[in-house]
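Those protein sequence lines, which keep their order, are chains Y and C. Heads up: the first sequence begins at 6 in the working numbering, then just goes up one per residue. Heads up: the second sequence begins at 106 in the working numbering, then just goes up one per residue.
Careful, some of the hints might be misleading.
Stated by the list, open to error - If you anchor each label on the Cβ, the simulated ranges turn out as follows:
hint: 1; chain 1: Y; residue 1: S23; chain 2: C; residue 2: E169; range: 30 to 36 Å
hint: 2; chain 1: C; residue 1: S131; chain 2: Y; residue 2: G21; range: 35 to 41 Å
hint: 3; chain 1: C; residue 1: L161; chain 2: Y; residue 2: S89; range: 40 to 46 Å
hint: 4; chain 1: Y; residue 1: K14; chain 2: C; residue 2: S117; range: 38 to 44 Å
hint: 5; chain 1: C; residue 1: H187; chain 2: Y; residue 2: N33; range: 43 to 49 Å
hint: 6; chain 1: C; residue 1: M188; chain 2: Y; residue 2: D61; range: 40 to 46 Å
hint: 7; chain 1: C; residue 1: P184; chain 2: Y; residue 2: D43; range: 21 to 27 Å
hint: 8; chain 1: C; residue 1: G158; chain 2: Y; residue 2: G101; range: 38 to 44 Å
To be verified - Straight-line alpha carbon distances no greater than 25 Å define the calculated DMTMM-like cross-link-like pairs of lysine to aspartate or glutamate that follow:
hint: 9; chain 1: C; residue 1: K163; chain 2: Y; residue 2: D78
hint: 10; chain 1: C; residue 1: K218; chain 2: C; residue 2: E176
hint: 11; chain 1: C; residue 1: K163; chain 2: Y; residue 2: D61
hint: 12; chain 1: C; residue 1: K174; chain 2: C; residue 2: E120
hint: 13; chain 1: Y; residue 1: K14; chain 2: C; residue 2: E193
hint: 14; chain 1: C; residue 1: K218; chain 2: C; residue 2: E193
hint: 15; chain 1: C; residue 1: K206; chain 2: Y; residue 2: E77
hint: 16; chain 1: C; residue 1: K206; chain 2: Y; residue 2: D78
hint: 17; chain 1: C; residue 1: K206; chain 2: Y; residue 2: E35
hint: 18; chain 1: C; residue 1: K206; chain 2: Y; residue 2: D43
Quick caveat, the hints were computed from the structure, so don't treat them as lab data. Beta carbons: idealized from backbone N, C-alpha and C, even for Gly.
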Amino acid sequence: NAGVTQTPKFQVLKTGQSMTLQCAQDMNHEYMSWYRQDPGMGLRLIHYSVGAGITDQGEVPNGYNVSRSTTEDFPLRLLSAAPSQTSVYFCASMRGNEYNSPLHFGNGTRLTVT
Amino acid sequence: AQSVTQLGSHVSVSEGALVLLRCNYSSSVPPYLFWYVQYPNQGLQLLLKYTTGATLVKGINGFEAEFKKSETSFHLTKPSAHMSDAAEYFCAVSEWTGGFKTIFGAGTRLFVKA
Numbered sequence: 006n007a008g009v010t011q012t013p014k015f016q017v018l019k020t021g022q023s024m025t026l027q028c029a030q031d032m033n034h035e036y037m038s039w040y041r042q043d044p045g046m047g048l049r050l051i052h053y054s055v056g057a058g059i060t061d062q063g064e065v066p067n068g069y070n071v072s073r074s075t076t077e078d079f080p081l082r083l084l085s086a087a088p089s090q091t092s093v094y095f096c097a098s099m100r101g102n103e104y105n106s107p108l109h110f111g112n113g114t115r116l117t118v119t
Numbered sequence: 106a107q108s109v110t111q112l113g114s115h116v117s118v119s120e121g122a123l124v125l126l127r128c129n130y131s132s133s134v135p136p137y138l139f140w141y142v143q144y145p146n147q148g149l150q151l152l153l154k155y156t157t158g159a160t161l162v163k164g165i166n167g168f169e170a171e172f173k174k175s176e177t178s179f180h181l182t183k184p185s186a187h188m189s190d191a192a193e194y195f196c197a198v199s200e201w202t203g204g205f206k207t208i209f210g211a212g213t214r215l216f217v218k219a
């Protein structure tokens, strides 16, 4: 099982550039989400989706866009990168919408914005 | 909204010693609580999750967590630390407040000394 796959693993952007972080899962999970991880701050939720065609904002959505056209894919778009978006980004999926279902994480994308 | 507090950003123990990582959550009925572990350059993986009605929850790799509703705590323990336990540990709580979210604590990095 591939689980949750994120690409790329590393990325360096200049301020103002745009890019898309890819996330795909092969577990037929309805729920998918994006987090950013910064030292001392744990993981903060950016956006999430409870199914194809449905997305919603998390704690820190500004500067990021998402869409969910299929169950498998949940890309995260940075429209105009800023140094404050330097972080490690994790995509996670979950079976159903049950509160006690665990999240399944990808291995992350390390993004540096200069 | 829920919040999660992990006491101690770093914990250091000797190999063979007791591991205790502390987690307190803001009150909610019922709480949906989790512990995740993150090894270097990897995503998070589930260590254990709270099951309604249980006071002691067993997880993988010999870890367990005690749920104390009166103290709103969900501390993680392991009787005897192993070098391979060195990692970062995150306590998390799931909630539905205008959308389904999993909120993470800031994390505790565990160091194990030989």
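Hint check:
1. Y/S23 to C/E169: 30 to 36 Å: For Y/S23 and C/E169 the Cβ distance comes to about 46 Å; the hint is violated.
2. C/S131 to Y/G21: 35 to 41 Å: With Cβ atoms ~39 Å apart, the hint holds.
3. C/L161 to Y/S89: 40 to 46 Å: 42 Å, holds
4. Y/K14 to C/S117: 38 to 44 Å: 30 Å, violated
5. C/H187 to Y/N33: 43 to 49 Å: 35 Å, violated
6. C/M188 to Y/D61: 40 to 46 Å: 42 Å, holds
7. C/P184 to Y/D43: 21 to 27 Å: 33 Å, violated
8. C/G158 to Y/G101: 38 to 44 Å: 21 Å, violated
9. C/K163 to Y/D78: 33 Å, violated
10. C/K218 to C/E176: 31 Å, violated
11. C/K163 to Y/D61: At roughly 33 Å apart (the allowed maximum being 25 Å), Y/D61 and C/K163 break the hint.
12. C/K174 to C/E120: It is violated: about 31 Å lies between the C-alpha atoms, which goes past 25 Å.
13. Y/K14 to C/E193: 20 Å, holds
14. C/K218 to C/E193: At roughly 15 Å apart (the allowed maximum being 25 Å), C/E193 and C/K218 satisfy the hint.
15. C/K206 to Y/E77: 19 Å, holds
16. C/K206 to Y/D78: 19 Å, holds
17. C/K206 to Y/E35: 14 Å, holds
18. C/K206 to Y/D43: 18 Å, holds
Of the numbered hints listed earlier, those contradicted by the structure are 1, 4, 5, 7, 8, 9, 10, 11 and 12.
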